[in-house]
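So the chains spell out like this:
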Amino acid sequence: MPASKPPAAVAGSARSAFIAGTVRCAPVALGVLVYGLIFGALAQQAGISLGETAFMNAVVYSGSAQFIALGLWSLPPPLLALCLTVFSVNFRFFLMAATMHPVLRAWTSWRALPALFWLTDENWAITMASGEQPHWGAFFLGTGWLVWLAWLAAGILGHSLGAVVSDPRRWGLDFAFTAVFLTLAVALARRRKAPLVWIASVGASLLADRFIGGGSAPVLVGGFAGAIVAALKPRAEESDAP
Amino acid sequence: MRPEVLWAFVAMAAVSYAIRLGGFLVGGTLQRYQRLRAAIDQLPAAILLALVAPQLAHGGMAERLAALIVMAIAWYVDLLLVPLVVGVVAVVLLRATL
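Residue numbers (my numbering), protein chains in the order written: chain A, 1059 to 1300; chain B, 832 to 929.
Keep in mind that the hints are not guaranteed to be accurate.
[As the list claims (entries may be wrong)] Straight-line alpha carbon distances no greater than 25 Å define the calculated SDA-like cross-link-like pairs of lysine to any residue that follow:
#	chain 1	residue 1	chain 2	residue 2
1	A	1291	B	860
2	A	1291	A	1160
3	A	1291	B	868
4	A	1291	B	863
5	A	1251	B	862
6	A	1291	B	862
7	A	1251	A	1133
8	A	1291	A	1231
9	A	1251	B	907
10	A	1251	B	861
11	A	1251	A	1159
12	A	1251	B	928
13	A	1251	A	1261
14	A	1251	A	1210
15	A	1251	B	896
16	A	1251	A	1265
17	A	1291	A	1271
18	A	1291	A	1250
19	A	1291	B	867
20	A	1251	A	1290
21	A	1251	A	1270
22	A	1251	B	865
23	A	1251	A	1264
24	A	1251	B	832
25	A	1251	A	1189
26	A	1251	A	1286
27	A	1251	B	886
28	A	1291	A	1249
29	A	1291	B	857
30	A	1251	B	838
These aren't lab readings, by the way, just hints derived from the structure by calculation.
Same shape as in the complex, but just chain A (with noise of 0.2 Å):
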């Protein structure tokens, strides 16, 4: 029987919510690191410097979209091919912005606006599957500036010390977000059973990654198919209205 799980602050502070969400994040973090230090080290090899990697790392800060950048790279930069690259890898993030309001709805859009900078895969996913909670917007970010430090402390480190970690396949490191995702689809699955709508969202990603490709397709055609689902699904009973 899954433990009923206590939510992370009941009814403590903003403080103690930023913390929560800091512990509950350092694992991914570790993670991020590992993949920082690669990145760093490709983008030396590049032939970006080490101030501009840093910059690159805090403003930029998206992973799958940076190293593919790499990939592109040339002098003068290509900026249309690098803004397109930045468009269709993250637009899975306007899904999961989308679902942010529960997360910041305390916060003024002075506060909550900025904050949405923080928002990753890892981090929102996190949060979602903390689920909801008092200083729910505290808890979010002391997610997000760990995993923030870490990619740009180790885009820093990587670029400075080279090729440290060179195949993390050898180690089973590149397994390590998908079990962080089935983790944490398991928690948000288990408070929230609806069959159907997981099964719309695993076959429409399987067909878009089939027959449109990588990038945000699957994520954005899965994620649509599963709130369709959802949306149409007869609703007896009003159980979380406010």
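Once you've looked at the hints, dock chain B against the given chain A.
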């Protein structure tokens, strides 16, 4: 630091942030409709599954078996680190044996 390089990164950052901002604003508008709110409530699980399913489809038997192990553990253990470490160890061992 070369200015044209930094500007390219600023442009990439702007695109990335605009996507998040757009999603957030659209999500806020959609939430006013009950039915769409139900859809957005289910969206996180749908997105996560859509993220993982293709990764497993591309992987081999070792990855799929490791995924089953991870999911079984995740059902009972509420710590992120445990399924993560077990999954990584399992995938290394399974790749070596299968």
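Hints versus structure:
no.	hint	in the structure
1	A:1291 to B:860	holds, 21 Å
2	A:1291 to A:1160	holds, 21 Å
3	A:1291 to B:868	holds, 12 Å
4	A:1291 to B:863	holds, 18 Å
5	A:1251 to B:862	holds, 21 Å
6	A:1291 to B:862	holds, 17 Å
7	A:1251 to A:1133	violated, 51 Å
8	A:1291 to A:1231	violated, 39 Å
9	A:1251 to B:907	holds, 16 Å
10	A:1251 to B:861	holds, 23 Å
11	A:1251 to A:1159	holds, 22 Å
12	A:1251 to B:928	violated, 35 Å
13	A:1251 to A:1261	holds, 17 Å
14	A:1251 to A:1210	violated, 38 Å
15	A:1251 to B:896	holds, 23 Å
16	A:1251 to A:1265	holds, 23 Å
17	A:1291 to A:1271	violated, 29 Å
18	A:1291 to A:1250	holds, 14 Å
19	A:1291 to B:867	holds, 11 Å
20	A:1251 to A:1290	holds, 16 Å
21	A:1251 to A:1270	violated, 29 Å
22	A:1251 to B:865	holds, 19 Å
23	A:1251 to A:1264	holds, 21 Å
24	A:1251 to B:832	violated, 52 Å
25	A:1251 to A:1189	holds, 14 Å
26	A:1251 to A:1286	holds, 16 Å
27	A:1251 to B:886	holds, 23 Å
28	A:1291 to A:1249	holds, 18 Å
29	A:1291 to B:857	holds, 22 Å
30	A:1251 to B:838	violated, 46 Å
Checked against the numbered hints above, the structure breaks hints 7, 8, 12, 14, 17, 21, 24, 30 and satisfies the rest.
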